[in-house]
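Asker: Here's the letter readout for the chains.
There are 2 protein chains.
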Amino acid sequence: MTMEVTLQKFKELLGEVMDAQATVALLQWDEEVNMPPKGAPARGRQLATLSKWVHRTFTSEEMGRYIEELLDARDRLEPDDAVLVAETHHDYQRQRKLPPDFIERFAEARSHAYQAWVEARETSDFSVFLPHLETLVALLRQKADYIGYEDAAYDALLAGYERGMTTRRLKSLFADLGPRQSALLHRILNASHPQDFAWLRQEWNEEAQWAVTLHMLRDMGYDFDAGRQDRSVHPFTTNFDVHDVRITTRTHPRELFSAITGSLHEGGHALYEQGFLEKDRRTLLAQAPSLGIHESQSRLWENTIGRSLPFWKHYAPLLRAHFPGQLDDVSPEAIFRAVNRVRPSLIRVEADECTYNLHIILRFEIETALIEGVMQPAEVPDAWNARMKALLDIDVPNDAHGCLQDIHWSHGEMGYFASYALGNLYAAQLFEKMLEDIPGLWNHVEHAQFQPVLTWLREKVHHVGRRKRAAEIIREVTGREPGAEAFLRYLEQKFFPLYGIPTTEAGIGA
Amino acid sequence: MTMEVTLQKFKELLGEVMDAQATVALLQWDEEVNMPPKGAPARGRQLATLSKWVHRTFTSEEMGRYIEELLDARDRLEPDDAVLVAETHHDYQRQRKLPPDFIERFAEARSHAYQAWVEARETSDFSVFLPHLETLVALLRQKADYIGYEDAAYDALLAGYERGMTTRRLKSLFADLGPRQSALLHRILNASHPQDFAWLRQEWNEEAQWAVTLHMLRDMGYDFDAGRQDRSVHPFTTNFDVHDVRITTRTHPRELFSAITGSLHEGGHALYEQGFLEKDRRTLLAQAPSLGIHESQSRLWENTIGRSLPFWKHYAPLLRAHFPGQLDDVSPEAIFRAVNRVRPSLIRVEADECTYNLHIILRFEIETALIEGVMQPAEVPDAWNARMKALLDIDVPNDAHGCLQDIHWSHGEMGYFASYALGNLYAAQLFEKMLEDIPGLWNHVEHAQFQPVLTWLREKVHHVGRRKRAAEIIREVTGREPGAEAFLRYLEQKFFPLYGIPTTEAGIGA
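Chains as they are written, first to last, in our numbering: chain A, 580 to 1089; chain B, 580 to 1089.
Just so you know, not all the hints are guaranteed correct.
No copy labels: a pair is met if it fits in one copy or bridges any two.
Derived lysine to aspartate or glutamate pairs resembling EDC-like cross-links, with alpha carbons at most 20 Å apart [unchecked claim]: (1) Lys-588 x Glu-944; (2) Lys-631 x Glu-641; (3) Lys-968 x Glu-1051; (4) Lys-631 x Glu-610; (5) Lys-588 x Glu-683; (6) Lys-617 x Glu-683; (7) Lys-617 x Glu-857; (8) Lys-968 x Asp-659.
The hints are simulated quantities; they were obtained by calculation from the structure and are not laboratory data. In this text the structure is predicted, and so the values were computed from the model without any measurement.
Looking at chain A on its own, in the form it has when it is part of the complex:
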């Protein structure tokens, strides 16, 4: 075969894999959004079959031959094709390293662990989950061995979510970030500040909440001809194509801001996925290089922009119009304070910007200790509770509100959490640079003119797809290594004025 024919056959086979992967995503989306309850067992089988077919085709000898031939001819490939082949080679090798019987054992262990976790959390009984956690940790260590690593076994797991990042680097990053963010938090908690959140305790019409989220998503630039918003228990974003990117959110009558912040968050993810290049469709290039970069997009829209004062100067009237009589005396500043209330809490997904990373650091410490074998699964509850006390000064009343709160471990996922913290750090670094590049950015935000923000993100991040690694993007866009400085500056400049603490620099977004 000529190189051209091989390239075409390679792209067609990869395209089929991507088609089938999009179909898996549709099966999952439908499961969360539409599926009647009795459909669950059949859906489980459909997902298992399709995942198996995807894996078999992607790791096939045929795919291997194409990759090999194209790697040999890499000097004659167009740059985009060369990157595509290299990226596919990377994923191909990673997936081929796991023997089919290991994948099967792992899937079975996950399935049992998930069911045990559901029961353990309901009854707050860690002992129900413990044997499964032991099995999963053993399997994860085995997985790391299959994949291979230079320095730490945990590196092999990290690579599945945050490629290029190392355990050593994260340990040093979090060793710096943890104490500094904790100190900053305690300055805020010790500050005296106005505390009038009584107006939040009202009933908020859920249809009105929904309408507000749609309005904001449209303003952000989310294309409803290439997406839709639905309701689900846990908000998420998924895509079946660059022109079919769907988000979900949830409304609650007692929570004014949970649907809004949820939609802004998922909207940030969705704008990223709607922003991949059309020419990258059906290839691995229309993907984020890491979960951390993906999360930087959601955090930037939800937190940096969506919890800023200029944002609420614009949207306070919209809220008032949708909740007539309920917000007449509530100023944009009051909303700004409400959406930035700092309150250490037990639950990660409810954490504010000042405490969130501390929840992550705790999980990272436990995960690495488990994989390194210096902590046993049975020790997790005590370790969890001790670190919650140290980092957030909170007593954990039971394991359901402690080490059993997250679904991730029951799914056999370790190495995932760090990406959430990295998302915060990346977002702050990107935003600092954006502020330099876009004159009058906050003025644009105050008029809901988000096009400059979106255009900047499209150019610097979205269009890149998987052509570069996360660290490379941050380095090239900001001129700095990924790090904690920008995020800590951001917290200080936003929260110190809010809580009446003197700061030397002008506040950002305040």
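Add chain B to chain A, keeping to what the hints say.
Answerer: Here is chain B on its own, set in the frame of chain A:
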């Protein structure tokens, strides 16, 4: 391999095919119900890939080996397993007969023909569609040759929808049915009868229409924990499992009954699919033996029950409650007359029970003449218009309202339409027997007690799945061959009293 191991491997492979086929159905359902418009091109590719994977796996050498081994061991198989192997063998052979390059050429021709048909119908210009119809007819004749037939090429096409039925049998059936139904129609049209349908010309709240359909579906026994109703342009039923059977309907503010009759129709299909046996899941046995039998279920609920006077004696108050002030002076009898208005019309999908089969007979005559080569595609419009005049005494103003109205031919589907008429005939035969078997059936209907009807259908039809052919079911349940007598009796007994025409027997449902 022992026979047991082969059987298990066979069922697992077939199960995977069924899982993937359910996934294809989900891709299609989502396309009609949820997909944002820009998602269409990607969806087309996903459907093509998944269909290809399904076909490849189902027609694989591996599947062939299992079938062969199990056929050799058929005497030692459980009866259900023996039927399953035989049915799978049937489909396997049929699909293997078409060479892959033919399937590809056919798919391409269909795709072009569909696009041409959309344009031809919009502009009512048959010449745009003609070359594509010529290509498709040639390909369909070739398909018939690949599949093979004894008597008529059209038999090979029929077998894809109405297995066991022959062209010869249908010709003789329709030669009898056509003139008799036409004569019956003309007696009705010549009768003088009350014509007060002015009350229908109101605006009907669409949410209220929706609520009425949900109420009726629940009463029928449709399990909303194993299904759901959504909106789509063209109502349809689909299933991803016996416990995930979904229907769609459409509301229109000027049409009181289109959503209701649509939901009853799809609800009939859905009750059938929710009624397949759980043990048949993931096999070909959880399927209808023919489209005609499937259609008999929808027609029975929509027409025989849903357009009966007892039905409306029960539901008239529900309608009044949902449309306050709009139906105060409208009696159940007036509704009964309205949903049974006989009015020859141009469009098949809007046809009443007295004219519907005539639309089908016209199409059957043209299709068989095309496949037999005694009519050329260019002659279709004239033939269509002449038969519309003869059968329904209607002048066709243009081809968009004539031979271009149906999507089927543009999809390369011939042999399909007869099933719609057979559905009417089967429904009438089944219902006659049901009336004998269930004492006080109409009294049950008048109290919306549909359990006896559903139980009867479950036992006689639904639970059978694909274990028997259509004709076998009709024969075993009713003691008669499939035929037109019961349907003609049904029409006469229902419509003659409605239109003041003397009849010798007591009216059914009137």
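Asker: Could you run down the list of hints and mark each one as holding or not?
Answerer: Tested hints:
1. Lys-588 x Glu-944: Neither: 45 Å inside a chain and 45 Å across chains, both beyond 20 Å.
2. Lys-631 x Glu-641: both (16 Å within a copy, 17 Å between copies)
3. Lys-968 x Glu-1051: Answer is neither; intra-copy 36 Å and inter-copy 74 Å both fail.
4. Lys-631 x Glu-610: within (18 Å within a copy, 24 Å between copies)
5. Lys-588 x Glu-683: between (29 Å within a copy, 17 Å between copies)
6. Lys-617 x Glu-683: neither (25 Å within a copy, 37 Å between copies)
7. Lys-617 x Glu-857: Between copies only: 12 Å across chains, 38 Å inside a chain, cut-off 20 Å.
8. Lys-968 x Asp-659: This pair counts as neither: shortest intra-copy Cα distance 50 Å, inter-copy 63 Å.
Checked against the numbered hints above, the structure violates hints 1, 3, 6, 8; every other hint is satisfied.
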